[in-house]
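Visitor: Sequences and hints are given; from them, build the entire structure.
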Amino acid sequence: MAYQKARRYDSRTTIFSPEGRLYQVEYAMEAISHAGTVLAVMSKEGIAMAAEKKVTGKLLDLSLAPGGEGMGGVGTEAWGGGGEKIFLLNNNILAGLAGITSDANSLVNFARNSAQRHLFTYDEDIPVEMLVQRLCDMKQGYTQFGGLRPFGVALLYMGWDPLHGFQLYQSDPSGNYSGWKATCIGSNHSAATSLLKQDYKDDLSLEDARQLCLKVMSKTMDSTKLGSEKLEFATMTLHPTTRQPLAKIYRPSELDELLRKYELGGTKDDQIGAGEGSGGGGGQEGGNISLST
Amino acid sequence: MECSFGLTGKDFVLLAADTSAGRSIIQMKDDENKIKALGPHIAMAYGGEAGDTNNFADFVDRNLRLYQIRNHTPLLPAAASAWIRRSLAESLRSRHPYSVNLMLAGFDITDSTSHLYWIDYLGTKAIVPYAAHGLGQYLALSTMDKWWTEGVDKREGIEILKKCVDEVGKRSTLKFKFNCILIDASGIHHINLDSSDPIAEMEQAGKAAEVINPNPPLDVGITA
Amino acid sequence: MEYNGGSVVAMIGKDCVAIASDLRLGQQSVGVAMNFEKVFPVNDKLYYGLPGLATDVYTLREQLRFRVNMYRMKEEREITPKTFTHLLSSTLYEKRFGPYFLEPVVAGLTTPTELEPKPKPFISTMDTIGCITTPKDFAVAGTAQDKLYGMAEGLWEPDLEPEDLFETISQTLLNAVDRDALSGWGAIVHVITHDKVITRQLRSRMD
Numbered sequence: 001m002a003y004q005k006a007r008r009y010d011s012r013t014t015i016f017s018p019e020g021r022l023y024q025v026e027y028a029m030e031a032i033s034h035a036g037t038v039l040a041v042m043s044k045e046g047i048a049m050a051a052e053k054k055v056t057g058k059l060l061d062l063s064l065a066p067g068g069e070g071m072g073g074v075g076t077e078a079w080g081g082g083g084e085k086i087f088l089l090n091n092n093i094l095a096g097l098a099g100i101t102s103d104a105n106s107l108v109n110f111a112r113n114s115a116q117r118h119l120f121t122y123d124e125d126i127p128v129e130m131l132v133q134r135l136c137d138m139k140q141g142y143t144q145f146g147g148l149r150p151f152g153v154a155l156l157y158m159g160w161d162p163l164h165g166f167q168l169y170q171s172d173p174s175g176n177y178s179g180w181k182a183t184c185i186g187s188n189h190s191a192a193t194s195l196l197k198q199d200y201k202d203d204l205s206l207e208d209a210r211q212l213c214l215k216v217m218s219k220t221m222d223s224t225k226l227g228s229e230k231l232e233f234a235t236m237t238l239h240p241t242t243r244q245p246l247a248k249i250y251r252p253s254e255l256d257e258l259l260r261k262y263e264l265g266g267t268k269d270d271q272i273g274a275g276e277g278s279g280g281g282g283g284q285e286g287g288n289i290s291l292s293t
Numbered sequence: 001m002e003c004s005f006g007l008t009g010k011d012f013v014l015l016a017a018d019t020s021a022g023r024s025i026i027q028m029k030d031d032e033n034k035i036k037a038l039g040p041h042i043a044m045a046y047g048g049e050a051g052d053t054n055n056f057a058d059f060v061d062r063n064l065r066l067y068q069i070r071n072h073t074p075l076l077p078a079a080a081s082a083w084i085r086r087s088l089a090e091s092l093r094s095r096h097p098y099s100v101n102l103m104l105a106g107f108d109i110t111d112s113t114s115h116l117y118w119i120d121y122l123g124t125k126a127i128v129p130y131a132a133h134g135l136g137q138y139l140a141l142s143t144m145d146k147w148w149t150e151g152v153d154k155r156e157g158i159e160i161l162k163k164c165v166d167e168v169g170k171r172s173t174l175k176f177k178f179n180c181i182l183i184d185a186s187g188i189h190h191i192n193l194d195s196s197d198p199i200a201e202m203e204q205a206g207k208a209a210e211v212i213n214p215n216p217p218l219d220v221g222i223t224a
Numbered sequence: 001m002e003y004n005g006g007s008v009v010a011m012i013g014k015d016c017v018a019i020a021s022d023l024r025l026g027q028q029s030v031g032v033a034m035n036f037e038k039v040f041p042v043n044d045k046l047y048y049g050l051p052g053l054a055t056d057v058y059t060l061r062e063q064l065r066f067r068v069n070m071y072r073m074k075e076e077r078e079i080t081p082k083t084f085t086h087l088l089s090s091t092l093y094e095k096r097f098g099p100y101f102l103e104p105v106v107a108g109l110t111t112p113t114e115l116e117p118k119p120k121p122f123i124s125t126m127d128t129i130g131c132i133t134t135p136k137d138f139a140v141a142g143t144a145q146d147k148l149y150g151m152a153e154g155l156w157e158p159d160l161e162p163e164d165l166f167e168t169i170s171q172t173l174l175n176a177v178d179r180d181a182l183s184g185w186g187a188i189v190h191v192i193t194h195d196k197v198i199t200r201q202l203r204s205r206m207d
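Residue numbers (full-length UniProt numbering), protein chains in the order written: chain A, 1 to 293; chain B, 1 to 224; chain C, 1 to 207.
Derived by calculation from the structure, the hints in this document are not laboratory data.
The beta carbon of each residue, even a glycine, is placed where N, CA and C say it ideally should be.
Possibly wrong hints are sitting among the right ones.
Just some of the chain B residues that point at chain A, by a computed CB distance under 8 Å [stated by the list, open to error]: (1) 73; (2) 79; (3) 111.
Guide: See the structure below:
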């Protein structure tokens, strides 16, 4: 009975249910909690972000796709180095996305356009919170105006601007956003958040932030061993000499090296095809991508 | 005939503009304020075609205020200069271009630097340590060339400005009165160039103003 | 063109290109600023110079930055000198009947690809409405254009190494702007090679 009643309010994004809920928005959020985990940790020296990639299968050709061999880079290189999950929105802002990829692509495009418009008008990089607001205004619009479906995407934004320094924000399909020291979206986000809450300290170094990010990720993901074929990683720091924001999306080999350093996995040549969590990095050894999820 | 000066120092920036208003050889007013505060740490001196000047200054003022209200933070001087420049450049190729020259002075609180932008009605922007518009260009730029050095302090800065004002008084047949402000980390201050110790007077006035009115209006200088 | 003054020159060398400008910004005969650069980077293999009306220098630079950034995001690669020249040309032609008062100069190196394993160093120049010329030796523009032609014609030779090219372009520019009242007040030179860009500021007659 309750189900039938609910149905009447289901199909319209713009209409409240008698309980005062917007079902479509809630369903969109539900969709996201099944998506790959994205988590980020902020420190005084910079912010680290890790994102879980869902590997689809060994027949998928990754040689030209985002997240393939060409992935990763520092500074302007990172423009072409975006993966499936982590994108550069502007010189000073990186975003990790969880949810429907096609919706995410459209949002990324909108964000990049907004950032460039700001640069054009004011000759400065867009402040982080302003870009978050721009996106959230758009997302909010889709929860109110008739006939449209909300964006099935949640985002983590990490960025730097001269007024507020390093900042980490999260936004959801309803258009709400909030600022965090460490946070997580996607599947298992509540478990990951409580792990972050336990281990987060105010005086973390960037190195600590990187390690915490990957450590929590390894506990949250199903497999015991992490590898670049299942993970994307990025940092936002300041350039040591110019003190300008420096975005870095890790190349698969760099990420594996980092994982080995923290003893959390990292694909090794001799382990290829040996078991869960190891496989051909970034599709290079096409036959060896493990079939997880 | 108009005249304005701008000068940067280590931790401050000075702006001075004459207070005359008239047409060709007739002066109708000698207390016109041509400096406008656009935020807590940013102000501009403007001149040009009568009517255009005040209208454009109000347009800039209101737009920068709108930005501040929307984003809970004022535009930094560099960003404000870019916006103003574009407004003038777009206006130049419109049906009714603004004919306004201005000098934008600001103190960037994020990195504690002083900024001075020389902008003309075409939308030309020069980022300069010292500058002048109008008659002052021909008479006092060389004065500033001679006396200005990197990192001058407030007292020296005001002395240089006084030399410029004196030069205009000496070499021009026109008699100008000047309105002057100083912007530093603590905000915008009025400077009395006729005072024997303008800095002491400024510090005194600053304290008094704080007590009487904790939220002073954004207009600075003499407003008739 | 003569309102603000300023000049730009670009030259081809052996696996390198150089581009240089003076630093003066004037208002007719009055000098306003001596830090007004007219050469801007697109990426570390490609620079362009915009001598002409200073308001249009800013406007066009900001417009091009927007377009190049959008190109970089959509294409996920850097723009090549040739493509950039056409982007610049069509941006200028958009304003065919109310042009920007600029005469751009482009200088860059093309990254080798499978299709084009040995690309030649590239320079180009165009008029105010975007008509392109691609010289094999050097390109000059600005208020000292005629003097730059004379200097470059005398000093330039083929296949100069980066340091020799730097010397050639510097002497060309400095001696040309010394004979031009509207250019000068210092200069900046960029020599673009495959592994780095050498940027040097030059002092010239400061009067």
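Visitor: So, for every hint listed, does it hold in this structure?
Guide: Structure-based check of each hint:
1. 73: 6 Å, holds
2. 79: 4 Å, holds
3. 111: 7 Å, holds
Hint check: no violations occur; every hint is consistent with the structure.
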